[in-house]
Every structure is written in structure tokens, then in C-alpha cells.
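A.B. asks: Listed here are the chains, written in short residue letters.
Number of protein chains: 2
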Amino acid sequence: MPDRAKADPFERKLARYAETIVHVGLALKPKQQLIITAPIDSMPLVRAVTRAAYEAGCSYVMPVIDDDIVKQIRYRHGSKKSFDVAPAWFYEGMGVALRAGAAHLTISGSDPFMLNGEDEDAIARGTKALREASVPAMRVTQQLLTNWSVVACATPGWAKAVFPELGDADALERLWEAIFAAARVDNDDPIAAWKAHNAALHARVKMLNRKNCAALHFRGPGTDLRVGLAEGHRWCGGAERMKNGVVCNPNLPTEEVFTMPHAMKVEGYVRATRPLSYQNTLIENIAVRFEGGRIVHARATRGEEVLHSLLASDPGASRLGEVALVPHASPISQSGILFFNTLFDENAASHIAIGSPYPHCLRGIEKMNAGEMIACGVNDSRIHLDWMIGSGEVDVDAIAASGVAEPLMRAGEWIN
Amino acid sequence: MPDRAKADPFERKLARYAETIVHVGLALKPKQQLIITAPIDSMPLVRAVTRAAYEAGCSYVMPVIDDDIVKQIRYRHGSKKSFDVAPAWFYEGMGVALRAGAAHLTISGSDPFMLNGEDEDAIARGTKALREASVPAMRVTQQLLTNWSVVACATPGWAKAVFPELGDADALERLWEAIFAAARVDNDDPIAAWKAHNAALHARVKMLNRKNCAALHFRGPGTDLRVGLAEGHRWCGGAERMKNGVVCNPNLPTEEVFTMPHAMKVEGYVRATRPLSYQNTLIENIAVRFEGGRIVHARATRGEEVLHSLLASDPGASRLGEVALVPHASPISQSGILFFNTLFDENAASHIAIGSPYPHCLRGIEKMNAGEMIACGVNDSRIHLDWMIGSGEVDVDAIAASGVAEPLMRAGEWIN
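So the sequences go chain by chain: A and B. Position 102 (the first sequence) corresponds to 96 in my numbering; numbering is contiguous. Position 3 (the second sequence) corresponds to -3 in my numbering; numbering is contiguous.
Don't read these hints as lab results, they were simulated from the structure. Keep in mind the model is a prediction, meaning the values are calculated, not measured. Any given hint could be a false lead.
Repeated chains share a single entry, so a pair holds when one copy, or any two copies, can fit it.
[Stated by the list, open to error] List time: in silico PhoX-like cross-link candidates among lysine-lysine, alpha-carbon distance up to 25 Å:
(1) 23 x 75
(2) 74 x 23
(3) 25 x 75
(4) 205 x 259
(5) 154 x 7
(6) 75 x 259
(7) 200 x 75
(8) 200 x 237
(9) 259 x 361
(10) 25 x 74
(11) 200 x 7
(12) 154 x 25
(13) 200 x 361
(14) 205 x 7
(15) 200 x 189
(16) 361 x 74
Let the hints inform the model, and build the full structure from the sequences given.
C.D. replies: In C-alpha cells:
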């Protein structure tokens, strides 16, 4: 590791990013263990985070390194019969570690197009098996039992997907610039910048919670969607207190405020405003229709098989688990970059997610039985997949319990 | 990517090596899962093995990638209080997977000097914690419950340690040549070459089992060591049948025949003939004295703290678990290369190992109780560490139960 004072500007910024991840994203406690899941091309960031974590008193950093090429080799040379197999032992162990107090960092940065051109059915089965195997680990973070964060690392494959017109080095540099900017690492004091940004998100959350509306109404090109909200829903956004008492930022960057939709009360149609990359597969031009909360019709011009497989995962996979509002003025949206990465694209536009909700988006959920949860509109699923429905052309109204509509966003921006 | 015309012969040899690993080393069965533990610089081999494994019908390849730099960062920036922490959850999960039928490949190729210069006490504690945490996985392979293999991959760090006088690219090429040669991949038909080599090792095993001697006597510079053998010991070497019925080669390369020493009947002194690298730390010029089977005095000119910590791991760590004979004419010895890697160096010279024995080196051990095992001379320990004691200057005699000595090796070579 180079000495920090002598390090070049990139290394200094990388170190500052790593410290922001450890102190703002994870809010890692002394003596806490840390599991990092990361793609192999993100090793510079993995090592920088490892250093920042140990400097913060971490007791053990366990990187779990994923290789896109190994994945690709499977779909090209594996037996078709084998795609339903996944390493459950690993995620069970990870669930044990997280419940015992370890923190979890996910570094996102895979090539979003890596598996394009491979057999869609094989990928659908492979990702389903992996998704189901990973439930024991995913449940822990979704229930906020421990502090966790998802952040991004620029990698050659991802950079090339985002900036196909640039040379490799330039593309990588541009993507790093966008990541550093979104993570407020350009700022001399990123930790203070995050404090201010979290305060702004918390103020927006407070406003929406005071309003306590019954539904949101999205209107725009190809979209006329009424999303009923769960009874007793709670808006969230920015830093969040986990069940272990740690206040962390589960996503870096984050520009959204979000809450729990009512699983049975979503009506109308919606067109995705950005493509999304799920497990290295691009899903493009999603258009769906809801009836009684359920997606009854779904199309995509690309990755449709993967989308259909996702929707068929379980009964809750075709109902909503999250609705989130992001202004079109969000710095990530204003960068004008299409990232093909949910962590970024979902913070550039209002979005919905099919599948499981975040339990902390409902007041008093701890004391409810299954029947009470269903009555409030809580969805249940093993999947959680965000997709973007907001843009500068989309309006959002808040609908009160009385049925009265009040403008919340116009042309993608907050009214107040 | 290097120029295709130049790259092709290497890629072809790498693919042949990967196939040899899958079919000879692991003898992977269709539908079997495979866990690969490997250093990050070995990805070209990890990917080649992954492909060969899927082509052989493997159902899931799970690479577990280790990064030396992450390790180094820990010793430089971690809290001293934290070095006793290890990710037990991971090895417990791996033990579960191996018991459930997964095969295990270890790719060796770390920089043997990576941690030189770091705090020896910290490394001793860190490696001890890791060793103890890894017991659930290690036990499965040591008891031969599933098929497994240890193989090597040339990496820049290791190549530089072995060939410090060469440029980076030349060093890497030389090390690959040595690895390919030792794995018999130079041969047009490596699988046939391994069949012949396994037959030769099995013939030597048969000869020694017929002899059924009571002890081995090693004499050479700084060495006069009598190693009593366990009552009912069995010589092994080459391909071995695992408990799951698969006949595999647990080491590629392998040139040794080995058996179980008597834990209480080792007397005299011995000087290591090669340095050894344990968990990225070099231990040099080991010299020890045995009394009643136990090491009562141990020195090393380098890495002595790590050695002492190893010997103090548990009561069996200072007694022998393995003794192995390798002729000085072994192709690995004749390469004249000092590999600083046990997989290679132990196949260049006769050696002993402290710690746990291989249970299959004792006849009828399955039916014995603890008292019977102790009476036969079976050692018990959580560690297993080989070190080299043979050379062209070392003689070995077989001592019959009657006390009569018969020459086995002279100047490092088999008598017949």
C-alpha cells in the first residue's frame, strides 16, 4: 500500500471513498467482522476498504470474490441438468455469520452485459437457484438485523458497457468520476456532506409521513399507475438505525425516499423508464399491467424470459414490495449517464420493486401475525427487484384516504 | 491478451493441465460439486479448471479466492487484539458441503515471502486461528471422505521468489514450465503417463508393505534420526481410493511413498534440507531433537516464532504424523529448483510431518478405540506440517522388528 500522503490523486480519492464506505455506509463498529462480496475486478476497492475497516478496529475482513468469467463458463460448458444447483452451504454460513454480528458490504460492479447472448432459460434457472440459496443471508440484511451497505466499484467491463464510445482507460476514469461524485467523495469532507444529505432525506421522509396518504398516482408516457400504500406504512430514506443499534447507509449513493405499497391495491399500467441489469442480464423496455395488486401482463424487448421467471418465482414475486420517489434533479439523473446498474439507476428515477418489502416500512410489524400483515397489505416473496418508472415526464400525486389528490411531483420534480 | 499465435501453445498446455487436474487429480464425477480454493493470481488456472470440470459434468464450481494483499493489510493495519479471530462459519459450511459430496481442489501459488517482515507473533496467532477454524473442512479431506487434490499455479509473486534473477515474464514462464513438467503435462498423453507413474508408486508401496519394517533410520549431515513406525502401519502413495469410492491423486505432482510413524518412538536429531513456506512465512534451517517421539528442542534461523507456535498448537503438534520417502532422482529434485512450496519441495526429498496422521496409513483403524490407537502409535493433532529431511547426502535403512538393519536408500537413491 502506498503511503497516503505520497499517493496519487486517484489513490487518495479511493482511500477517501473507502473511508466513507466504512464510516458512513457501514458505520462499522470496532471488533465487528466484515464480509465483503465483490467482483474480481474490484480488488483495488476491496483492498482499500479492507485497510479502512482494519483501521476502524474491524476484527476480520472476509472478501468473497465473484468472477463473471467463471459464471459465463458455466452457462457455456455446464450440463443443462445442473443449472438448478447452487451453493446453499455458503449462504447458510453467511447467514450465521451475519446473525452473529458481522457487517456485510456488497460491492457492485459486474459487467451488465456479460451474459447477454447466453441461453436465457439456463440463466433464468441459474439465477433462480442462486436467489433461493441466498435467502438465509438476504433475510438478515432485509430485516435490518445487522449493518450493511451496497456500494459500487468501477470495473473495465462495466465502464465499457456505460461508455462504449470511449477507450478502456477513459471509460474507467469517467465511471470512477461518476461514482466518486455520487458518493460525495469529491467533497473535502464527505462525512459532513453525508450528514447534510441524510438530514435532507429525513426531512422529506417526515413530510411524507405527516401526509400519510393512501396511494400514489404516477402518470407519464405509457404509465397510469395507482399504487396503494400499506395500512400503517412508514416512509424511509437515508441513514437508518439497524436492529443492532448501528445507524448506517444501506446504499451509497442514495437519493430515494421509499415505503411499502399495499400488495393487493395496485392498478393500472406502467412502462419502465430505464433498462435494468439483473445478474449480468439486461432486461429492457419492461411494460406491465397490474390488477388487484398483481402483474397480470408483462413484456420486455430483451431479457423477457428472465423477467417472466422472476415474476413466477413465488406468489409474491408478481406484487410490489417497494415504491420509491426520486426527483429528476437527482445528481445521478443529472449526470445523464445510464449506468445499467440498479444501485445507480434507481437513484436517478422514481421506482417500484416487485417482491419482498422492507419490514421497517410498516409500523408495528413486529407485533403482527401473518393475517394482520396480509390485511395491512404486506407482500411476501423471496425476490426483490427494483425497476425505474420515473423521469422528467412523469407526474406523481398523493391520494388521501378521502380520495383527494394532491400534486407531489411535476415533470419529475418535488412540488415543494 | 497476449498475441494469439504466441498465446496458443500456452493456452493449450493450460487446458491440458486443467483436464489432468479434473480427471487425474480429482477424478471428478458427473453431477459432483467442486469447491476450488485458490489465490487471486491463479485465475487463469481457476477458469481453465472450471471449464474442464463443467465439461466433465460438474454441477457447480465454487471458487473461493484468497488475496495475499488483503492478508498483508490485516497484519499492517489490524488491531493486535483481533488476530485470534477467524471465519469459522466459512469452514464449517465447507465441511458440510464436502461431507455432502462436493470435491475439493486447492490451488497453491501464493508468494512464499509475502508476509516476511510482518510481526511474527501476529502471524503466528493469525495462522493458528485460521488453522483451528479450518478443522471442519480439513478433517473431511484428511479422512479421505471425498475426492480432493492439491495442485499448483504459477503466479507472479511465487515466480519472483523462485527466480529472483529473472525478469517477471521469464520467471513466470520458467515456473509454469516446471509445473507443467512435474504434472506430466509435457507428455502428449498425461493421463497415460499418470497411469504408469501411479503403477510405479504402487509397486514401491507393495515392496515396503511386504517388508513391514519396525523403523526407518535416517543418517546425513546434521541428521541421525530413528523413526519408529506405527504398529500395523500401511505404506501409501500415488492414486488412492477415497471413502466415496473415487480413486484420485490427492497431490499433483506426487513422487512420495509415505506411512504413519509411531508417535512415541522417534529418537535423535534431524536437520531440514530445504526451507519451507507456511502461510506466506518462510521457516528456514529447522533443526530439531526428538526424545520418546516428542520434539524437545527446535530451532530455525528464520520464522522460529511461527515454528514454536506450531509446535505448541496442541500436544500432538510436536510429534510425527507422517514419514515419506522420495528419491533424490525425483524429477522435481533434479530440476534443481527450490520452490519454497511444500507441494513441490516435499516431492523433491524424503520428509517428515508433525501433527495429524493420515488414518488410511494404519490397517483396521476404523475399528479401534482411542486406547488402541494410542497403543499402535497414532498421533492426534489439529495441525499437519511437512518438512524436508532428505537429500543426495542422506542414507535410509529399514530396521526390522528383530533389530536388523537393511539399506533402503543410499545417497538419497533407492537401493533397488
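A.B. asks: Would you mind marking each hint as holding or not holding in the structure?
C.D. replies: Hints, verified against the model:
1. 23 x 75: between (44 Å within a copy, 14 Å between copies)
2. 74 x 23: between (44 Å within a copy, 16 Å between copies)
3. 25 x 75: between (44 Å within a copy, 9 Å between copies)
4. 205 x 259: This pair counts as within: shortest intra-copy Cα distance 19 Å, inter-copy 83 Å.
5. 154 x 7: within (22 Å within a copy, 31 Å between copies)
6. 75 x 259: Answer is neither; intra-copy 39 Å and inter-copy 54 Å both fail.
7. 200 x 75: neither (51 Å within a copy, 42 Å between copies)
8. 200 x 237: Cα proximity of residue 200 and residue 237: one copy only (21 Å, versus 63 Å across).
9. 259 x 361: Classified as within: same-chain Cα gap 23 Å, cross-chain 66 Å, threshold 25 Å.
10. 25 x 74: Between copies only: 11 Å across, 44 Å inside.
11. 200 x 7: Close neither inside one copy (34 Å) nor across copies (64 Å); limit 25 Å.
12. 154 x 25: neither (39 Å within a copy, 36 Å between copies)
13. 200 x 361: This pair counts as within: shortest intra-copy Cα distance 23 Å, inter-copy 70 Å.
14. 205 x 7: neither (40 Å within a copy, 68 Å between copies)
15. 200 x 189: Cα proximity of residue 200 and residue 189: one copy only (16 Å, versus 74 Å across).
16. 361 x 74: neither (45 Å within a copy, 43 Å between copies)
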